[in-house]
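These protein sequence lines are chains A and B, in that order.
With the first sequence counted from 1, adding 134 to any position gets you the working numbering.
With the second sequence counted from 1, adding 850 to any position gets you the working numbering.
Pairs of lysine to aspartate or glutamate, EDC-like flavour, derived with a Cα cap of 20 angstroms:
id, chain 1, residue 1, chain 2, residue 2
1, A, K250, B, D1084
2, A, K311, B, D1084
3, A, K311, B, E860
4, A, K302, B, D856
The calculated label-pair distances, taken between Cβ atoms and stated as ranges, are:
id, chain 1, residue 1, chain 2, residue 2, range
5, A, I241, B, A1091, 34 to 42 angstroms
6, A, D245, B, K1002, 24 to 32 angstroms
7, A, R275, B, D1040, 39 to 47 angstroms
8, A, D245, B, S1078, 17 to 25 angstroms
9, A, H255, B, Q857, 23 to 31 angstroms
10, A, I241, B, S1078, 23 to 31 angstroms
11, B, S1078, A, D291, 42 to 50 angstroms
12, B, K1002, A, P221, 53 to 61 angstroms
13, A, K302, B, S1035, 46 to 54 angstroms
14, B, V876, A, E226, 27 to 35 angstroms
15, B, D1177, A, R242, 56 to 64 angstroms
16, A, E249, B, R1135, 40 to 48 angstroms
17, A, Q179, B, S1119, 46 to 54 angstroms
Sample of chain B residues with no beta-carbon within 12 angstroms of chain A, all distances over it, derived:
id, residue
18, P1042
19, D1064
20, D1121
21, Q1134
22, H1182
23, P1192
24, R1208
25, A1225
26, K1227
27, H1230
Think of the hints as simulated: they come from the structure by calculation, not from any bench.
Since the structure is predicted, the reported quantities are computational estimates derived from the model, not experimental observations.
Using N, Cα and C, we set each Cβ at its ideal position, and we do this for glycine too.
Residue strings, one per chain:
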Amino acid sequence: MGEVCLTRRKAEFVFEILARENSRMLLAFLRTIVDDPATIDDLYQETMLVAWRRLEEVDLSKPFGPWLRGVAGKLVLAHYRKQKALPSFWSEEVLAHIEGQFRAISIRAGDTWEEKIIALHECVEALSTAHRQAIRGRYFRGLSVEELADLLETSVDACKKRLVRARKLLAECLTRKKVFSASGDFQ
Amino acid sequence: MNDDYDQASEVADERVVHGLLLSLAVDSEEANNRRIERLLLRLQQDASRGTSPSLPGTPLVQGRSNLKWLAVTGVMAASLVLGMSLWRRPPAKQGAEARLLVHGAGVQLFGVGGDLLSFPIPGQTADLISGQTIQTPRTIDSAEIVYEDGTKVELSGDTTVTLARTKHGAKGIYVVSGLIQADVSPQPPDLPLLIRTSTATLEVLGTSLGVDVDDSSTQLEVASGLVSMTRRSDGERIEVAAGQLATVTEASGIPFNSKTFPSLPYAWSVDFEEGLPSGWWAGQRIETETGWAVLAAGDGHGRENNIAVTTQNAWREGQHGLFNLSDDSVLHVRFRQQRVAPLRLMLVTRAYPPGNGRRGVNLYYEDSSWNAHLASKTWHTISVPLSETSYFGKRGNFENGKQKLEGLAAFTVQFTSMNQEIGLTVDRIWVTR
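Use the sequences and the hints to build the structure in full.
In C-alpha cells, the structure reads:
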C-alpha cells in the first residue's frame, strides 16, 4: 500500500516537463502550417498524445523540439491528405525552411518561447504606420481581412497584399536581428 | 534553381512570421498552462479507460484521487518547469537556501523531482533549496520562508511558490498563485531579489511588499522602498514606490501605471440576502424563516477552529480589505446556536495603507456571555468594541491588552465555534463607528 512507481512517475514527470517546455513552440509551428484554429487544437493534442506514447523512442540527450515538430509534421500531412487538399505553400523546400527557422529560434537566448521571439515586437513597432496597423488589426485585434479592409478604408485585395508585404518586412527584420537564419544557411 | 530556392524561403519565412504573430497574440503563457492541464487530464482519462496502454492508469500515490494528483502535480510541475526555465538550475553545491517555517497544518513541500518531501505540521521547520515548491492549504496562517540575510517571505493560504536562484546567484521566487508578503533585507545592487509570476517580473533591492497572483494578473503593493515591475508580455517596465500599487495583466501594449491605494470604508455589512460574496471562505448559505443566513461549516482544510463562518479574504479578492479599523469601531454579529460551545471572533488585519509603520495582527475576541441567550430559534446580537481585544498576535505569539487600531484594515472576519458542531448560524455581520 502507498508504494510509488518510480519509473512511471519519472516518465510522467519528464514528459510533463518536455510538454511544457515545447508547448508554445509546437503551437507556433502548427499555426505556421495550418490555418484552421480547431484543426490546430486537434493536431496539438494528437501530437502530444503520440509523443507520450512514443516517449521511450526519444533520445533525451538531443533537443526534443525537432522530434516533436517531426511528429506534428507527419500528422499535419496526414490531415491534409485526408482532406485531399494540400495548402498552396506546401512543398518539401518550404517545410525544410520552416524547420530551419524554428531551429534557429530555438537556439536563441531566452528561457521562454516569448523571450526567444521578443524581437518580433520590436520589428512590428519598426514597421510603417500602414503596415503596423494592418498587423495589429489582423493579429492582435483578431479582425478578419474584410473587417480590417473596412477599418483601413481599402479593398480586401489591397488589404491582403498589405499584410503579405508587412509579413515579409517582419521576416527581413527578424533576419537582421538574427532571430531567423538567412536563407543560405539551410543550403 | 536558386530562384525556386529563394521563393521557397520567402514563402516559408512569411508563414513562420504568421505563426509567430499568432503565437504572440493568441497563445499566452496562462492559456498555454490551461492547455497543458487539459492535455494531462486527457492522458489520465485515456489511461483510466485503457485507451492509452503505455500510460499508467492509477494515481502515483495510492489514496489520493487522480484529479487531486493531477492538480498538485500540475501546479508543482508548472512552477517547477517555469521556475527552472526562468532561472538556471540550482548551483552544484546544494546547501540550504532558506528555512521554511510552518505555521498552519497542511503545508506541502515538493522536491526538485516532484516528489512530496514532507507534510509538515505547525511548528515544523525545513531546509529549502532551489527548485523546491511550497504549497500552502486554504487556511489563514500558513508558512514563512526565511533567508540567512533576514529576508522574510510570508505565504498566505492557497499559495504556491517555487524557490529559485538566478544564474548570477540572486535570490528568486516564482509565485504560481496566491499572496505573498515580503520583507526584503538590502540586496547587493547588482543582484536584486527576483519575484516572477506568469505575467510580471519584480526586482527588489530591499523593501516591504505584497504580491497577489492569479491566473491572469499580478498585483504589487509596495509598503517601503522601490520595486521595479516588468510586464512580461511586452517588456514594459515601471517603478513602483512606497505607498503605491500596480497591476499587470496578460494584455500587452496597454499603458500600466502605479497608483495610490484606494481608501477603504469604516462601515461594512454583509447579510447574505443577495448570496455569498465572491471568494467566501467557510459557511453554507441557508434559507431561514427570516431570510438568508450562513451556517458555520468546516473549510475542509484546517485542523483546528474549523467549524466557522469565515468571510472572503478581501485582500486576495482584489479589494485590499473589508473595512478600515479605528479605535471606536464596533463589530456586530447577529447569530443563533443550538448548543453551548466556546465562541471566538477573529479579525485578520493588515497595515493599511501599507507603509504606515503598522504590522498586521490577528485580533481575537472571546466572551463566555455570548452563550447566555441560548435559544435555538432566536437571533441574538453581540456588539464588540474592537478596541476591547481579548488578545492579539500571530502564530502563537499572543499578547493581552488593547491594540491600537488606527492604520489597520480587516481583510478576513471569522466567527467560530472552534471544533464543535453547534448549529452556529449567522444572519448578519456589520461594522459601525
